[in-house]
Amino acid sequence: MLGYILRRCLAVIPVMLLVAVFVFLLLRLTPGDPAAIIAGDMATPAQLERIREAMGLNDPLHVQFMSWVGRLLQGDLGVSLISNTPVATMVADRVAPTLSIAVLTIIMSVALAVPMGVLAAWKHRSAADYAVMTFSVLGFSVPVFVIGYLFILIFSLQLGWFPVQGYTPMSAGLGGFLSNAFLPALTLSTIYVALIARMTRANMLEVLGEDYIRTARAKGAPERTVLFRHALKNAAVPILTVIGTGFALLIGGVVVTETVFNIPGVGRLTVDAILARDYPVIQAMILLTSFLYVLVNLLIDLSYSLFDPRIRY
Amino acid sequence: MLKQMTATLLASTMLTGAAWAETTIKAVMHSGLRVLDPVITTAHITRNHAYMIYDVLIAQDSEFQPQPQMADWTISDDQLTYTFTLRDGLTFHDGAPVTAADAVASLQRWGQKDAGGQVIMDRTASLEATDDKTITWTLTEPFVPMLDVLSKQSALPPFIMPARVAETSADEAITEYVGSGPFRFVESEFQPGLMVVYEKFDDYVPRDEPSDWMAGGKVVNVDRVEWVNMPDVQTAVNALSGGEIDYIEAMQVDLIPLLEGDPNIVVETREPTGMQTMTRMNFLHPPFDNVQVRQAAIKAITQEPVLAAMVGNPEYYSVCGAILGCGTPLENATGTETLTQGGGAEEARSLLEQAGYDGTPVVLMAPTDMVALATQPVVVSQMLREAGFEVELQPMDWQTLVTRRASQAAPAEGGWNVFITNWMVPEISNPISNPMLNGRGDDAWFGWPTDETIEGLKEEFIDAPDAATQAAVAEKIQAHALENGLLIPLGQYTLPQARRTTITEMINSPVPVFWSLKKSE
Numbered sequence: 002m003l004g005y006i007l008r009r010c011l012a013v014i015p016v017m018l019l020v021a022v023f024v025f026l027l028l029r030l031t032p033g034d035p036a037a038i039i040a041g042d043m044a045t046p047a048q049l050e051r052i053r054e055a056m057g058l059n060d061p062l063h064v065q066f067m068s069w070v071g072r073l074l075q076g077d078l079g080v081s082l083i084s085n086t087p088v089a090t091m092v093a094d095r096v097a098p099t100l101s102i103a104v105l106t107i108i109m110s111v112a113l114a115v116p117m118g119v120l121a122a123w124k125h126r127s128a129a130d131y132a133v134m135t136f137s138v139l140g141f142s143v144p145v146f147v148i149g150y151l152f153i154l155i156f157s158l159q160l161g162w163f164p165v166q167g168y169t170p171m172s173a174g175l176g177g178f179l180s181n182a183f184l185p186a187l188t189l190s191t192i193y194v195a196l197i198a199r200m201t202r203a204n205m206l207e208v209l210g211e212d213y214i215r216t217a218r219a220k221g222a223p224e225r226t227v228l229f230r231h232a233l234k235n236a237a238v239p240i241l242t243v244i245g246t247g248f249a250l251l252i253g254g255v256v257v258t259e260t261v262f263n264i265p266g267v268g269r270l271t272v273d274a275i276l277a278r279d280y281p282v283i284q285a286m287i288l289l290t291s292f293l294y295v296l297v298n299l300l301i302d303l304s305y306s307l308f309d310p311r312i313r314y
Numbered sequence: 127m128l129k130q131m132t133a134t135l136l137a138s139t140m141l142t143g144a145a146w147a148e149t150t151i152k153a154v155m156h157s158g159l160r161v162l163d164p165v166i167t168t169a170h171i172t173r174n175h176a177y178m179i180y181d182v183l184i185a186q187d188s189e190f191q192p193q194p195q196m197a198d199w200t201i202s203d204d205q206l207t208y209t210f211t212l213r214d215g216l217t218f219h220d221g222a223p224v225t226a227a228d229a230v231a232s233l234q235r236w237g238q239k240d241a242g243g244q245v246i247m248d249r250t251a252s253l254e255a256t257d258d259k260t261i262t263w264t265l266t267e268p269f270v271p272m273l274d275v276l277s278k279q280s281a282l283p284p285f286i287m288p289a290r291v292a293e294t295s296a297d298e299a300i301t302e303y304v305g306s307g308p309f310r311f312v313e314s315e316f317q318p319g320l321m322v323v324y325e326k327f328d329d330y331v332p333r334d335e336p337s338d339w340m341a342g343g344k345v346v347n348v349d350r351v352e353w354v355n356m357p358d359v360q361t362a363v364n365a366l367s368g369g370e371i372d373y374i375e376a377m378q379v380d381l382i383p384l385l386e387g388d389p390n391i392v393v394e395t396r397e398p399t400g401m402q403t404m405t406r407m408n409f410l411h412p413p414f415d416n417v418q419v420r421q422a423a424i425k426a427i428t429q430e431p432v433l434a435a436m437v438g439n440p441e442y443y444s445v446c447g448a449i450l451g452c453g454t455p456l457e458n459a460t461g462t463e464t465l466t467q468g469g470g471a472e473e474a475r476s477l478l479e480q481a482g483y484d485g486t487p488v489v490l491m492a493p494t495d496m497v498a499l500a501t502q503p504v505v506v507s508q509m510l511r512e513a514g515f516e517v518e519l520q521p522m523d524w525q526t527l528v529t530r531r532a533s534q535a536a537p538a539e540g541g542w543n544v545f546i547t548n549w550m551v552p553e554i555s556n557p558i559s560n561p562m563l564n565g566r567g568d569d570a571w572f573g574w575p576t577d578e579t580i581e582g583l584k585e586e587f588i589d590a591p592d593a594a595t596q597a598a599v600a601e602k603i604q605a606h607a608l609e610n611g612l613l614i615p616l617g618q619y620t621l622p623q624a625r626r627t628t629i630t631e632m633i634n635s636p637v638p639v640f641w642s643l644k645k646s647e
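Line order of the protein sequences matches chains A and B. Be aware that the first sequence starts at 2, since it is given in my numbering, and climbs by one per residue. Be aware that the second sequence starts at 127, since it is given in my numbering, and climbs by one per residue.
Quick caveat, the hints were computed from the structure, so don't treat them as lab data. Quick caveat, the model's predicted, so the values are computed rather than measured. Be careful, since some hints might not be right.
Short, incomplete list of chain B residues facing chain A, as computed with Cβ under 10 Å [unchecked claim]:
{"#": "1", "residue": "Leu159"}
{"#": "2", "residue": "Thr172"}
{"#": "3", "residue": "Asn364"}
{"#": "4", "residue": "His411"}
{"#": "5", "residue": "Tyr483"}
{"#": "6", "residue": "Val639"}
{"#": "7", "residue": "Ser642"}
Where is the CB? At the ideal position from N, CA and C, for every residue including glycine.
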């Protein structure tokens with residue numbers, strides 16, 4: 002197991018290197034000029050050129066790349082070309098909102114979706130099954146910003162239960178955090194509930210048709226034990242994969258939800274940086290997101306052995 | 127007795143509480159603040175930030191006239207020496223007094239970047255601090271618009287910084303943000319692109335005159351101002367309705383109905399002149415290297431459909447052919463009949479025929495990610511087509527556009543023929559600082575016209591001894607600019623703002639400012 006983890010961790014190095022080269026070249030090949038953002042609309046071409054020179058954007062590509070990688074190896078993500086702020090500070094400020102809302106979303110999604118999926122499979126072709134499937138189709142089909150605005154209209158503007166926008170860190174109190182984070186997490190949950198519920202239902206249906214389930218029922222095991230101990234545990238591996246990749250997607254930033262609820266997360270940071278061609282920030286964000294994906298995938302792989310003893314590393 | 131004591135105690139507690147209560151304004155501005163140096167960028171949000179924390183020597187009032195702000199001035203009889211005297215009580219946020227040396231260093235840095243400042247610096251014999259409070263600026267020849275340029279409110283106003291900060295190279299951003307303005311920048315709470323916080327600067331001494339645009343006393347009646355960036359205006363509108371913010375600087379006209387009928391919210395136009403939207407052609411490549419083709423493009427366009435598509439509600443736009451803006455002292459309608467009234471398509475076709483236009487496609491760059499610039503290219507391209515142009519409308523994001531417009535290559539090799547942009551009217555209201563009227567070829571603004579006539583007319587404007595002569599020269603500039611196709615004005619529009627009714631006494635200035643206003647609970 003330890004050897005496997007070590008091998009997977011070492012495999013991260015070439016992956017990150019490839020991502021670094023790819024991101025760097027892709028950004029430099031994309032049209033755009035951070036100097037133009039800094040200088041504003043009234044700057045003359047000569048002024049732009051002087052700013053580009055001062056920012057080092059006129060240096061040859063390999064010089065820029067080596068300088069970036071050199072700093073990266075020392076743990077320095079660089080400084081934003083636009084705001085002169087250290088990228089590490091900018092990212093650190095934005096990670097907490099995204100991470101906390103991602104965790105809340107996954108908790109809410111799993112808490113709702115798994116029982117819904119189990120119920121739908123257990124009561125296959127019943128009204129409950131059709132209701133879960135209808136909700137799943139809706140959850141997938143309605144754009145997330147529409148759901149967000151709808152929730153704001155109902156829960157914030159009409160009922161006044163939650164604030165319209167903003168983010169309160171957990172350090173300021175759980176109540177304040179939940180008050181701001183509940184609606185965005187609920188909005189995001191609609192997609193994940195739909196996804197996880199469908200996946201749970203499909204896998205449960207498959208497992209519930211297995212011989213050992215019939216055996217469990219034949220020997221008189223209570224239905225709850227059959228469903229949750231025998232069936233769900235065996236259906237868990239693909240469900241875990243969906244939850245894991247969903248979590249990775251969430252921590253990569255959910256731009257639309259962050260925009261609708263004005264959450265200062267990494268999704269908005271990345272999009273703003275792309276629009277401003279703020280190369281160091283984009284590079285750092287893509288590297289970090291790639292690293293998180295690799296990490297989450299490793300954790301998912303390791304968690305399989307908890308549910309399926311046949312899987313060994 | 128006990129009751130009385132309790133009442134007194136309660137009252138005193140409440141009073142103390144009231145004295146401690148902090149008044150905070152939460153405002154959503156038109157964009158997030160990222161660049162903090164008002165000399166390195168012409169971005170409006172950075173200028174707005176600079177007006178919060180810095181002060182200016184002289185400032186423009188609502189009549190576009192220069193007024194004393196940090197300093198009074200005298201002019202020598204030969205109009206060559208300007209002497210500015212700093213008023214008493216000026217202090218930087220770090221506690222150091224503002225000196226003439228600080229002002230000189232700031233003006234020198236500004237003079238390297240600002241178009242008007244460069245013209246002044248070209249004519250400067252000396253700029254020095256003759257004592258702690260006196261700045262003596264000596265010119266080699268008279269420059270009549272000197273005070274207009276120094277007092278302008280946009281792109282770029284000469285903000286005064288400590289000398290040690292102003293000594294930073296003009297091509298590099300400053301890293302220390304100390305001003306002497308009415309608000310103090312709270313650096314520890316600054317999150318680029320997200321939030322900026324300002325606190326009232328208690329040692330600021332306002333002038334005695336009432337506030338008038340950027341001039342007059344800057345009396346601060348709130349303790350703290352927070353600029354919260356919300357990229358989605360709908361979210362800002364919801365937040366304003368819910369009482370979570372106090373003010374939206376720039377409302378989208380199509381969202382105004384959402385706020386109408388709410389007794390707690392006022393939607394209003396901050397100042398009447400607003401913005402000019404306009405078209406710029408590339409003088410270097412066919413077909414717009416031919417003056418007749420440029421004239422044909424001007425004749426082909428009518429403003430009303432462009433503005434209707436862009437703004438929609440006629441309450442917030444007006445046709446205006448004046449290249450220096452309508453509602454300004456130099457407003458002029460010479461040569462604008464077809465632009466404002468239409469009917470020029472036939473003439474455009476005739477001009478194209480005379481020019482021998484061979485159907486060379488016109489590459490029109492269309493930014494799709496900027497709401498304020500997304501519709502004009504579509505309408506303009508159709509008008510050009512109707513007049514006989516072959517138009518290739520190329521959609522792209524704004525960043526790609528700003529990179530590509532700097533390319534002098536042929537349109538087929540990554541260059542361009544035409545694009546559309548918007549300006550704040552006060553920043554294009556003077557021929558000296560209007561970028562479209564720069565005719566210095568490669569040194570001119572994108573489009574690179576080589577136009578000795580416009581340069582000569584600007585010299586004539588600079589030498590004009592009085593306002594009447596200036597207006598006469600401005601008329602000639604207007605006629606020439608449209609004859610030569612330096613720009614095609616597409617009209618003016620205003621950006622309504624929205625505020626909660628608890629905010630009162632906001633100044634109707636083009637730059638949104640947070641002094642004078644009051645907030646009631």
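Let me make sure I understand: some of the numbered hints might not hold for this structure. Which ones are they, in numerical order? 4, 5, 6 and 7
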